[in-house]
Every structure is written in C-alpha cells, then in structure tokens.
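Go ahead and model the full structure; you've got the sequences and the hints to work with.
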Amino acid sequence: MTNQAKMLRIVAVALLLPLGACSDLLQVQSPGRISDADLGTKDAIPGMVTGMQYNLSDAINNNLELTAMLSGELYHGGSYNWADIPRGVIHDDDPYVNGGWSQAQQARWVAEDGINKLKDLLTADEFAKSPYVARAYIYAGYANRILGANWCNSVIDGGPQVANTEHFGRAKDEFTAAIPIAQAAGRTDLVNAAYAGRAQIEVLQSDWGSAAADAAQVPSDFEFYAPIDTEMRNQLWYETHSRPEYTVWGTFLQSHPDDPRAPWSIEYDANGAVAKGANGATDMYRQDKYDNSSSDVALSKGTEMLLVQAEAALASGGGDITAAYGFMNQARAVYGMAALPVAGNLTDAWVDLHYERYATLWIEVRHLEDARRWFAATGPAHDDALADRAVCIPIPQAEKLANTNFHG
Amino acid sequence: MSIRATVRGTLGLSCALALGCAMLARPATAQETGRVTGQVTSAQNMRPLEGAQVSLEGTGMGGLANSEGRYLILNVPAGTYTVRVTMIGYGTARQQVTVAAGQVTTQDFTLNETALALDEIVVTGTAAAVRAKEVGNSLDAITSHELEDIPVRNTDDILAGRAPGVTIMTNSGQPGAGATVKIRGISSISGTKEPLIYVDGVRIYNEPTRAGWGARTASTPLQDIAADDIDRVEVVKGAAATTLYGTEAAAGVIQIFTKKGISGAPIWNAEISEGFNEQASFLANPSEDPTDLYTKCGNLNDLYSLNLQASTSDPTWGNKLYMQDPTCPSDGTWQRLGPIGRYDLSVRGGMGDVTYYVSGNYNDTKGTLPTSRSRDGGFRTNASFSPSDGLNISMNTAYTRRNTRWVPDGNNSNGFLLNVGRGAQNYLKGGKGDDCANVPADKICITNGYLFDTQLYTETDHFISGLTTTWNPIKGLSNRFSVGWDYLYIKNNTTRPFGSLRAPAGYFWDENTHHTKLSLDYAGSYQNDFMGGDLASTFSWGGQIFKDHHRWTEWDVEDFAGPVTPTIESGASVTYRSEDNVSQTSAGFFFQELLGYQDRLFLTAGLRVDGNSAFGSNFGLQAYPKVSGSWVLSDYDWFPSDKIESFKLRAALGESGKAPNPFASLRTWSGVGLEGSPGFTPGSPGNPDVGPERTKELEFGFDLSALNGRIGVEATHYKAKTTKALVNVDLPSSLGFLQNRTENIGALQNSGYEFQLTGALVRTDKIEWRARANLSFMKSKALDVDGDPTVESCIYVGLYSNICDGQQVPVLRATRIMNPDSVGNPRLVRDTTIGPTYPTNLIGLGTTISIGSSIQIDALIEHQGGHYLPDYTAYQNERRGSWHPCFAMQTIMVDAYKSGGASAVTSALNAAGVTAEDRARCAINSTVNAGYSYSSYYWIEPADFWRMRSVSLSYDVPKSVLNWGRSTTVTLAARNLFTITDYHGTDPEVQDFADATGNVVGGGEFGRRDYYQIPNPRTYLLSVRISW
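So the protein sequences, as listed, match chains S and P. Here this note's numbering is used: the first residue of the first sequence is 24, the next is one more, and so on. Here this note's numbering is used: the first residue of the second sequence is 65, the next is one more, and so on.
There could be a bad hint or two in this list.
Said to hold, decoys possible - Straight-line C-alpha distance at most 27 Å; calculated BS3-like pairs for lysine-lysine:
| id | chain 1 | residue 1 | chain 2 | residue 2 |
| --- | --- | --- | --- | --- |
| 1 | S | Lys-299 | P | Lys-384 |
| 2 | S | Lys-312 | S | Lys-299 |
| 3 | P | Lys-611 | P | Lys-246 |
| 4 | P | Lys-246 | P | Lys-843 |
| 5 | P | Lys-555 | P | Lys-611 |
| 6 | P | Lys-384 | P | Lys-507 |
| 7 | P | Lys-1023 | P | Lys-830 |
| 8 | S | Lys-299 | P | Lys-496 |
| 9 | P | Lys-962 | S | Lys-299 |
| 10 | P | Lys-783 | P | Lys-246 |
| 11 | S | Lys-299 | P | Lys-507 |
| 12 | P | Lys-496 | P | Lys-384 |
| 13 | P | Lys-507 | P | Lys-496 |
| 14 | S | Lys-152 | S | Lys-142 |
| 15 | P | Lys-830 | S | Lys-423 |
Unchecked claim - From the structure, some residues in chain S lie toward chain P, with a derived Cβ separation under 10 Å:
| id | residue |
| --- | --- |
| 16 | Thr-73 |
| 17 | Gly-74 |
| 18 | Asn-121 |
| 19 | Trp-132 |
| 20 | Val-133 |
| 21 | Ile-179 |
| 22 | Asp-180 |
| 23 | Asn-302 |
| 24 | Asn-315 |
Claimed, not checked - What follows is a list of derived Cβ distance ranges for each label pair:
| id | chain 1 | residue 1 | chain 2 | residue 2 | range |
| --- | --- | --- | --- | --- | --- |
| 25 | S | Ala-400 | P | Pro-390 | 37 to 45 Å |
| 26 | S | Asn-315 | P | Glu-352 | 43 to 51 Å |
| 27 | S | Phe-429 | P | Pro-390 | 57 to 65 Å |
| 28 | S | Ala-400 | P | Gly-851 | 43 to 51 Å |
| 29 | P | Gly-563 | S | Gly-359 | 52 to 60 Å |
| 30 | P | Ala-835 | S | Thr-427 | 57 to 65 Å |
| 31 | S | Ser-288 | P | Gly-494 | 17 to 25 Å |
| 32 | S | Pro-364 | P | Asp-506 | 47 to 55 Å |
| 33 | S | Pro-250 | P | Ser-375 | 39 to 47 Å |
| 34 | S | Pro-250 | P | Ser-634 | 22 to 30 Å |
| 35 | P | Ser-681 | S | Pro-250 | 31 to 39 Å |
I should point out that these hints are in silico values taken from the structure, not numbers from a laboratory. Backbone N, C-alpha and C define an ideal beta-carbon position, used for all residues, glycine too.
And the structure:
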C-alpha cells in the first residue's frame, strides 16, 4: 500500500468515527431541573400546591416593607434607598415597587395556572372534593386580594392594563369555588379561610351585607397564616431585629405603646442611649410583632371578621353603633383587652373602628387598603391619613417596559 | 469519588504509565544509529537556553535543551540531516550534520534574540503546530525565560502588562484573590465573558469562583497553575483567531504550556523566596487622611468623625466625635507586615524514550491584616514516552490545594474597612463586658478587634490531568488524541462563633462547589507538497467533546447551643439552603486547509461546526468559518532584508461564538421547601429558539524585525461585530416567571489597535538594555441592545453600569454635576453617561538591563485608563461624617450654618470656597443640601492609573563565589511599589464581588465598584534559585 492510500484510509476512519457517533454526541442534555412535563402527573400535585403556598408566602413577605412604608405603619430609619416612599410619594420606577408586584403576580399566576393543571389531572369527582384544589383556589384568592387591595391598576397574564377591581372579582370567584370543595373535603380550616377571604373582598367591594354574612361564618379564634420558615425569613423581622432599618418612631403607633396586637419596644445601645437606625440618626423603636425569623404573617383572622361585622354595622343604614362595639369588644376580648366604651356618635365610633383595624391588622399588608378606602369614603367613615400621600402602588415601570400592551 | 481517592488513582496511573513506558522503551540499536548532541546558548549573554526546541528536519525526531542548554537526540539512523533549533524570542538556527552508526555527533548553536522569529513553532489557534510565519492572526506568547527573574505568582501576574489587548484587573489585595481577565474588551452583552483556558491542551474550568459572601472577592482557576511550572503562555485574541475553538471562544483563549521533560540526567531546580507584604496605605491618595481611613487606631488627635447625623438643632451637630478603640493593637495600627514564603522544587530529565518533569511547590502568604493568610501547594507530573517512531504518549497531571483565610471585606456589615473606615459610625461599638471601662466618657468606644472573630475560609482542590497521544504513522500525517479531566472543588465557609459580638448565638455558612470538565479532543493533519515543492498543503481535521458538570450546595445555619465547633447539624435554625446540579455538553468538529506558496505566502481556510446542550430545541448546529493569510515579504530577493530582516503582513477573518447559559432554552421549575414540605416554583421561562451569539472579526497587521533583531514591531487593527447577541429580556411579571428569558436580539461592535514594540537600546559585550512597550486602544459600541434598532435603549447591568445603544460597552450612567467649580447649587443632569466601566487604554512599559552574564534588572509599569469606578468608600464615609478629605469643607459649612441665624442654610452654602461640587460631595445635611445631597453618583471617578507592576534585580552567582551545582541565582524583587492615580478610593483596580460567579449581587456581569475593598499591597521578595 502506498503512503497516499494509507493516509486516505486513516483520514476516512478518523472522520467517520466522530460523525457516526454524532447523533449521540450532539444530543441536548440538561438534567437536574424540573420541567413542565414533570408537573404533569398526579404525584406532583402536593408539590404543586405547596409551591402555590410558598409563592403566596413569598408575596406577602415581599410586600411587608413596601406597604408598611407607604401606608406609614413604619418609618424609615435605615440605609436602604427608599426614595420618597416613606413620605408617601411613590413612582413606578422607585426601588422595591417591582419586587412586591412581581412576587404577588407570580403567586397569582402560579395558583391560577395550577388550578388549570389540576383540572387536567383530576377527574371531575376528584376535583370537587380535593383539599389540594380547595387550597389552590384559596391561595389564588388571597394573591388576588393582595394585588387588588394595594395596587392602583393591574395586569393579568401580560395583558393590557385593567382596574384593580378586576382582582376582586377573580378573588371572589375563587373563594366561592373553594368553599364547597373544602366542605366536601371535610377541611373546616379551609372553609373558614375561604369565607374569611371572601368577606375581605366584599369589604373592598363595599358589599357590607355579604361581608358580614361571610364573616359571621368564621370563628373568632380562627387564624389563617402565610407560613414563613427560617429559610424564607420574615423580612420585617430581619430588617428590624437583625438590622436597624425601620422604626415605629414617628408613626401613628408611637402614641400607642402598650397594645398587645401591635407590640414594639425602644432599642438602647451599650451606653444606654436610644439606639439609632442604620442611617445613624433616627431613633430605633423596634416592632416586635414578628419576633423571630420564622414568624408567620396572618392572611385572615377571626378577630378581623368581627371587625368586618363591626364595620358593616357602622356602614349599613344609619349605622348601628351598639352592634359595632359589640363586635369590636368581642375581638378585643380575644386579646384579653378591656372593652371599649360605646361611643356616643358615629364619628367617634368610626375613629375607634379605624384604630381597632389598624392595630389588629398592623404590618400585615392590610393597612394601605383600609386607609385607601377610608380616604375615599365620605361622611364619618372618612379618614385623612393618606392626605397628600399615595393611596396605592402604581404598576411598576419594569412591567410596563416588558409588556408590549403598554408601548405597542 | 473523593478528591484524595482521585488523586491517588491518577498518581497510580501516572506511575504505571511511567513504568510501562520504561518497560516498553525501545532498546538502543547502537550498531545502526548514532546520537546528535550539543549545547544551545544565547548569542547575547552566552546563557544556556533551556527549552530550546531541537529537531532533525523531516524526521519528527528531536528534543528540548536542558537547563545547561544541552540537547540529545537518540537513535538517529545514520545519514545526513539538517538540525533546526528554535525558541520563542530567538531567531532560528539550522546546521547540517552527518550521523555515523555508533557515533556521537556534536553540534553547538548560538541563537540571536530577535523581535520576530517567523520559524518558531506555535500551537495556539491552529489545528496543529505550525510556524509563526504561516499564521494570519496576531500572536502573543510569553515564555518562562521572560519570567524566571520576575516576581510572578500565577498567570494573572504573567499577563498583566505583557500582552497587548489583555486587561488584568487585580480586584483585591487579599492573599488568595484572583483577577478579572478580559481580552480585547467585552464582546458580549450577557453570558460568560471569561476567556477559555487550556493547560497542556486540556480545557479547564474558566469562571471566577466566589470566596464566600463575607470576603466579597473571588478566586480564579488561573491561580492554580504554579508560575514556576509554566513554560509559556499563549493568548489567542478575537474571533478571527479562535474560530477553531468554536462556541464559547469569542472572549479569547489562554493556552498555558507547562514544562516538559528533557533527555539526559536529572536536573534539579529549587527556589526559595522569602519576603513580605506591606500596605503602604489603604487609600489610593493617602495624603488627605492622616488616619489612613482609621486603620491607624491609636491615640491620635485626628481620630474623630464629624457629628453630621444629629439634628441641626442639636448643639453637638457638626462637632467632632472623638473615638477610642480599646481593641486596637498596641502599635496603633491594624496594619502589619505580612510574611511570604514560597518554595519550589522540580526535577526534569529523561532516559531513552521517556522524559519527565516533576515539581512541587508550597506558598504561604500572609496579608497585611491580622488573620489574613493564603497557603497553597501542589505537584505536577509531566511524563512523555515515545514507544516507537512517530508515536508519542504524554501525560500531564497537576494538583493544587489552596487554603485561604479571608478578612471580612467589602460591602459587608462585618467587613474590616467598612467598620474601621467609618470611624465613629461603625457597627462595633461598646464591645463586651468591661471592654470600654477605661474609655473616657467624652469618647466613643469602638471595638473593631471583634471583626476578626469572623472566620472566612476558602479551600480549593484543583486537579488537572491530560493524556495525549501523538501518532505520525507516515510522513506528513499526524494525529493527536487527548483526553482531559479537570476537577475543581471549592469549599467556602463563614463562622461567627457562639458568643461573637455581632452574632451571640453563632452563625455558620457552608458552600461546596464541584466543577468537572471532561474533554475528548482529536486533531489530525496531513502535509503534502505539490508543484515541485512550491505549493505546500496542510489539511487538518478534528473534533472535540466537552462535558461539564457543576454541582453546588449551600447551607446557612445559626443559633448554636454553646461554644461548639459549628457544623450544619449543630445549628438550631437552618436559615437557607440551596443546591444546583447542572450538566452541559458541547461537541464540534472542524476542517482546515493551509496552503503555502514558496514558503512565503500562506492562505488558511477553515470551518468549525458546533452543537451544544444549551442551544434551544428549535436550534441546530452552528458553523463558524474562517480565512486568514500571511505574506512574508522579507523572503523576497528585492526586499531590503539588510535593514529589515523579517517582515510579515497578515490578515484574518473569522467567526466565533458564545453559548447561552445551560438552561436558557428550557422552561423549568425550581424545587422549594416550606416548613418541611417540598414544592415547585417557576424557574426559567426558557426559549426554545435560543442559540449562541456570533462574533465576526477582521484583523490585519504586520510583524517586523529590523536592525539585526534589535527592533521589533507588531501592529494589529481589529474590528469585530457580534450579532444575535444574547440579551436577557425581562418578561412581564404578570406572566408568572420572574427570571429573564435569553434571546438572540442584540448587536455590538469592538475595534482597536494593538502595538508591541521591542528594542535593544544598548547591546554591547558587557551590557544589554532592552525595552518593550505594549499599547492597546480599545473601542466598543453597542449597536442594538433590545432587538429594535429604531429605539435607543439601555440595559442596566448593575452598579450604574449600562449597555446603551451607540455607546461603549458598558458605560456608567448616573447624575452628573455640570458646574463643579462654580459657586452655587449643583446643576445636575440626570441619567447621563459618565464613561466606560472598563479600561479602554492599556500601556505596558517594560525594560530589562543585563550586565555581563550575571546581573539582570527588570521592571514593568502598567497603565490602565479611560474608565471610571464608583467610589462607594468615599460616598458612604462622607454621609457619615467620616471622610477626611471633606472635613475642611464640611467644617466651613457647619460653622457658617451655626453663625448664620435665620439665614443659616444660605450662609452655609455660600461660605467662602464652597463650590457646587463641595455642596454635593461633602454635603452636611439633607436639608441644608436639599435636592442633591448624599448620592454615590457624585463619587464616580476616573480610575486611570500607572502602577509599577514589578521590579527585580537578579544576580547569577559565579562559580568563583559558589562552586556548587550548576547555577545559583539570587533575586531581589518587588511588586506594586507605587501607583500614580487621581482616584480617591482605596484602589482603582478593586472590585466588590459576591455571587456564585464572582459578580456583584445585583450587579449583573459588568458592574464594578470600590466598596471598602482591601487594596493591593506592596510585595517584597528575596529569592534564591539553585540548579544542580
């Protein structure tokens, strides 16, 4: 064999070997992640629903600071750049606006998308009595409540801008769907959570009759929480107990130091002086409602339902002050607090109701919605706390830039 | 398999290979063959030229000269041969010899240094080893000869200032920290931008790896190649040169070749270096701060901050807050001299057809702050065996272990400079127990000594092994097959022990990262002549498969029951845990044809085809073409070669790519846990259409050597355009997936000029003075960052860095003071471009003076310029009244305010000498300086600098003084002796790192900032190198 022939044979073999194996060599391989297909089995349902719960907890945890700053529940004493938000001025490109929005939208999308997956995976009979389905509807409802109650307007699934009230309709439908499924599943806790959620929505819709009726279904000692574990870490706990970022100093609650529903304490430094926040200047009055990294955040409570009934009593007809104080004092009794004296007029009654809700729902991503609707109210229900302040959170600029419906 | 088991296994394999090689070695057939031997020396100083390549032309036989310059070629069949000797940096020598059976033929060579050696063999960027004259793109090679007397620790040090177009930014002065490496700037909008790294043909992991959260810096795999083991480093720049490396090579390629064995008796080399680090100052411009950012902590009168954080109605507002630190070291400073010890031992030799190089090293470097220390050590075994004519098997194995204890650094509430540097406004006041009992009541008691309670460790094990078989079965045909395995394990942990000041219940964080890269690489080539030898053809082909596996786990626990050794298990609370497990495969093949006409005109054309796991399912193979040419005009008779002995024109046009991230194509979900229950949450949205971005580059230039090799010029212009650039596009959050989607929608271009000038300014029998200059001027422009060329857009890439249509990639954008020197309020322009984030101009000026054959002086100064750096150190200190350079202006404003009565604010602002810039940068109060106070925007400063990278004096001890061994060299060297800069922070090169890829959290892949980073220290070393 000549050298040339020998060379040709070697080259041919060298080329054919890798080419022959090409189909395997160039296979796309990306193991280690969970694909959409992996969620397409019944075995994935528990994880899917836990994921919805996780996203809801994440959403409420990521909105604790933003809503507390904007509504004035806490004051900024730290080093983070909150721009003018602590003064009640908010823009769509301000820091932290997108974070709260994103997590809330993700919680909504995951739950609503998950419900569609559950419809595909379960038979109609299974679907109608599955506690997982009930939970999914409830998580979707609360996610919609967070969005509708706090944002000025909204977007659904990358679509055009819609009114924030769109979320109220979705939430109400979802809570309504959850109730019979939870009942069929024998899950009283979920039934209560659904009634409580629907009552919250009905308050936002000023549907006082329905709100009072649903609230009445919920026991006074009921509590439904967004669980937060040490890995997720309660954000307000971290920024007040691990870092001195936010303070009660300068807030409405500074003049209410001993309310067990809204506990806080004054921090002192090693020299006995009042400790300063991370900005080095602001006195550090530390919230103690969330006193550890895994403090859960309430989504609804029986005491809140009593206050719903109280507010319904004041808001309906000419206002039933006696009934309202009955409910308020029932709620206070749950916390071991003395009864309030019944006010002599509606104006005073509303002031008391405002405070009772303020203290009961303090730093639970709830006060902005209350302040917003009371600011919009006329008559004795009106409250001026948001005068010259933003009443809601704008759709963040990031959503507008990414969403073609906003810029064609 | 544990790393130790792996090391043992591979060591065993190495030994078995060496033993097998020895057993298989061909018996010498002295009756039919002879030997060729001799010595290769430098014509300039008569020093032996270790590593010179000696070959018998046309036979494939040859070897390397040993440390005495001696070479030996065995088993040479009787006959007449041309011996060719080449070495990078020297001209080629040829001599005809006749070998007689059973005889030894001796032929000595002296090589002349030359600025341009067209016959030297290069590997980089080519399918097979070729002569430099045949290559159409620019070449940068740095050899061990240039480095042996210079204080370099690793490849970062080697490249800094020595290779045009290569930017090395040292990032941190902490021992163990690695540098940022960019080649020809930035050619991508997103994705990995690190150059590929090959060590002896084995591709290794090339990303920086973070050194834990608390250290805020990163290490790089380049640090794991011991400088003493490196024979040469070749840099392949730009897509035109990296085409054959395919997808992922657009950011360039760094090829490291380690030392090989040399036939002959064993030659041992030992080097011992002792020295120290010294932190001359923690500020780039120390003259304005007598406390040196409060690192001088003794009983100084200047140890105060201004009380600017009280209310202006407080009578103490603006007063001096004096402080005392009872934990301050007795000598009144946190600084110390950091001892350095470096120890290297190697042996190289060969017997018959087997050659070997074995080395070991140990380095112990302490930083200039208590607890700062990095120790590393390892070994290397390079063995080569030629069992038959045309067949060579070589195995290269190296293991490096590094253990670094970091000082908490950077933007970290437990960081050293963040706390020490903030004076009275730090996080460590009051101490424990009666720490402050003796501190006067009118002083603030600070206890920074507790900063060193935090224990930050990084341990790495890096194992690189490659087996390469070269087979040349017939004349002209060569085959090379390599199997490579790279394993890098990084363990980071942070401990704040039980009872520590800032975490009384204790805290423990642990991170483990495993990177494995398996590579299979085949390349073949066939050379043939046509037209009576006028036309030479080299056809090359080959293919590679790379399999990457990355596994990462991270835990965060706290609350320990007592002063136990913290472990994951002993913490009462698991506060964070995460895991990642990713495998990625890429494969490709190439063809290339090199035609040479009359050995002076060369044309190369090639094609690379790649597939990659990261490509989307709707995306197929990628093809990258290249074509290049070189024309050696100096080989023509008409050329004035008496004045210009070598002159080559070259041009290259080629494409390369960059793959998207592994999961860019797939829609995925992530596993999460909530109170013990597992769940799924949206991960990556995925893009099935995603593919690699493509960079097409044209480069051309010339290489020139004149005046008998005394002057050399290499000039290159390049212009590159990246299309289908990967851009991470934000999706509407309302769609549920919060991660970006990677899309091929961007475009950008890069261009630049590179010059390498070398000259022998003086060349006499006694003295030679050589000088060299590397100059690089880089310019880039983003053409389209969002897929819509009709709209001018910016993408934020972190820390005020943006990639904006029509501007350098990337640029810092912020608010700018338009009237800095005028008296009045600052006139601000918001969201405007300040300047580039990365240097656009690089200058390396080096000189070497050789006196006789014994003394050599070498120095290298580097300039980086044209860029800016956010100085958060100044910004954060100023707003806390702890920035000395502002004290004078702030005091003037405070005094004027206090005496200003009803018009206090006006008085403060209009105080004599207070400019608009002073009002903004040295603001005293957010009300007084309303509307412009306290912004880091004003502290984005030009970061141009000149730095003395290295200077050394070496002395070869004559035999008349020390008649032992083969040679003894004593070297006195220093690094970073001085820096000239107008920058005001700690160091214009530093960077605040943090995340898993070594980038700033929230900073994308581009943002840089100085945030209380420990600057680069001066280093002094005395070394003794002995060969025997």
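Cross-check of the supplied hints:
1. In summary, the hint linking Lys-299 of chain S to Lys-384 of chain P is supported, as the alpha carbons are separated by about 18 Å, within the 27 Å threshold.
2. Among the hinted pairs, Lys-312 of chain S with Lys-299 of chain S is consistent with the structure: their alpha-carbon atoms are about 20 Å apart, no more than 27 Å.
3. The hinted pair formed by Lys-611 of chain P and Lys-246 of chain P meets the criterion: a straight-line CA distance of about 24 Å does not exceed 27 Å.
4. Between the alpha carbons of Lys-246 of chain P and Lys-843 of chain P the distance comes to roughly 14 Å, so the proposed pair stays at or under 27 Å and holds.
5. Proximity of Lys-555 of chain P to Lys-611 of chain P is assessed by CA-CA distance (about 22 Å); at most 27 Å being required, the pair is judged to hold.
6. Straight-line distance between C-alpha atoms of Lys-384 of chain P and Lys-507 of chain P comes to about 10 Å, which keeps the hinted pair within the 27 Å bound.
7. Taking the CA atoms of Lys-1023 of chain P and Lys-830 of chain P, the gap is about 18 Å. The hint holds against a cut of 27 Å.
8. Proximity of Lys-299 of chain S to Lys-496 of chain P is assessed by CA-CA distance (about 19 Å); at most 27 Å being required, the pair is judged to hold.
9. At roughly 24 Å between alpha-carbon atoms, Lys-962 of chain P and Lys-299 of chain S fall within 27 Å of each other, so this suggested pair holds.
10. Between Lys-783 of chain P and Lys-246 of chain P, the direct Cα distance comes to roughly 16 Å. Compliance with the 27 Å bound is thereby established for this hinted pair.
11. For the proposed pair Lys-299 of chain S and Lys-507 of chain P, the alpha carbon gap of about 17 Å is at most 27 Å, so the pair holds.
12. A C-alpha spacing of about 25 Å is found between Lys-496 of chain P and Lys-384 of chain P, which places the hinted pair at or below 27 Å, so the restraint holds.
13. For the proposed pair Lys-507 of chain P and Lys-496 of chain P, the alpha carbon gap of about 17 Å is at most 27 Å, so the pair holds.
14. Among the hinted pairs, Lys-152 of chain S with Lys-142 of chain S is consistent with the structure: their alpha-carbon atoms are about 12 Å apart, no more than 27 Å.
15. In summary, the hint linking Lys-830 of chain P to Lys-423 of chain S is not supported, as the alpha carbons are separated by about 74 Å, beyond the 27 Å threshold.
16. Interface restraint check for Thr-73 of chain S: the shortest CB-CB distance to chain P comes to about 3 Å, inside 10 Å, so the restraint holds.
17. About 4 Å separates the beta-carbon of Gly-74 of chain S from the nearest beta-carbon of chain P, less than 10 Å, and the hint is met.
18. With 10 Å as the threshold, the beta carbon of Asn-121 of chain S comes within range of chain P, its nearest partner Cβ sitting at about 7 Å, so the hint holds.
19. About 3 Å separates the beta-carbon of Trp-132 of chain S from the nearest beta-carbon of chain P, less than 10 Å, and the hint is met.
20. The closest approach between the C-beta of Val-133 of chain S and any C-beta of chain P is roughly 6 Å, which is under the 10 Å cut-off, so the hint is satisfied.
21. With a least beta-carbon distance of about 6 Å to chain P, the hint placing Ile-179 of chain S at the interface is held under the 10 Å criterion.
22. Among the interface hints, the one on Asp-180 of chain S holds; its C-beta lies about 6 Å from the nearest C-beta in chain P, closer than the 10 Å criterion.
23. At its closest, the beta carbon of Asn-302 of chain S sits 7 Å from a beta carbon of chain P; the interface hint therefore holds under the 10 Å criterion.
24. The interface hint given for Asn-315 of chain S holds, since its Cβ lies 9 Å from the closest Cβ of chain P, which is under the 10 Å cut-off.
25. At roughly 59 Å, the beta-carbon separation of Ala-400 of chain S and Pro-390 of chain P lies outside the given 37 to 45 Å, and the hint is violated.
26. For the pair Asn-315 of chain S and Glu-352 of chain P, the beta carbons lie near 46 Å from each other, so the given range of 43 to 51 Å is met.
27. Distance hint check for Phe-429 of chain S and Pro-390 of chain P: the Cβ-Cβ separation is about 59 Å, which falls inside the suggested range of 57 to 65 Å.
28. With their beta carbons about 48 Å apart, Ala-400 of chain S and Gly-851 of chain P fall inside the hinted range of 43 to 51 Å.
29. As the Cβ distance of Gly-563 of chain P to Gly-359 of chain S is approximately 37 Å, the hint placing it in 52 to 60 Å is violated.
30. Take Ala-835 of chain P and Thr-427 of chain S: their Cβ atoms lie about 59 Å apart, and the range 57 to 65 Å holds.
31. Distance hint check for Ser-288 of chain S and Gly-494 of chain P: the Cβ-Cβ separation is about 19 Å, which falls inside the suggested range of 17 to 25 Å.
32. At roughly 52 Å, the beta-carbon separation of Pro-364 of chain S and Asp-506 of chain P lies within the given 47 to 55 Å, and the hint holds.
33. Restraint check, Pro-250 of chain S to Ser-375 of chain P: a C-beta distance of roughly 42 Å satisfies the suggested window 39 to 47 Å.
34. Taking 22 to 30 Å as the suggested C-beta distance range, the pair Pro-250 of chain S and Ser-634 of chain P conforms, at roughly 25 Å.
35. Distance hint for Ser-681 of chain P and Pro-250 of chain S: a CB-CB separation of about 37 Å, consistent with the stated range 31 to 39 Å.
Hints 15, 25 and 29 from the list above are not met by this structure, while the remaining hints are.
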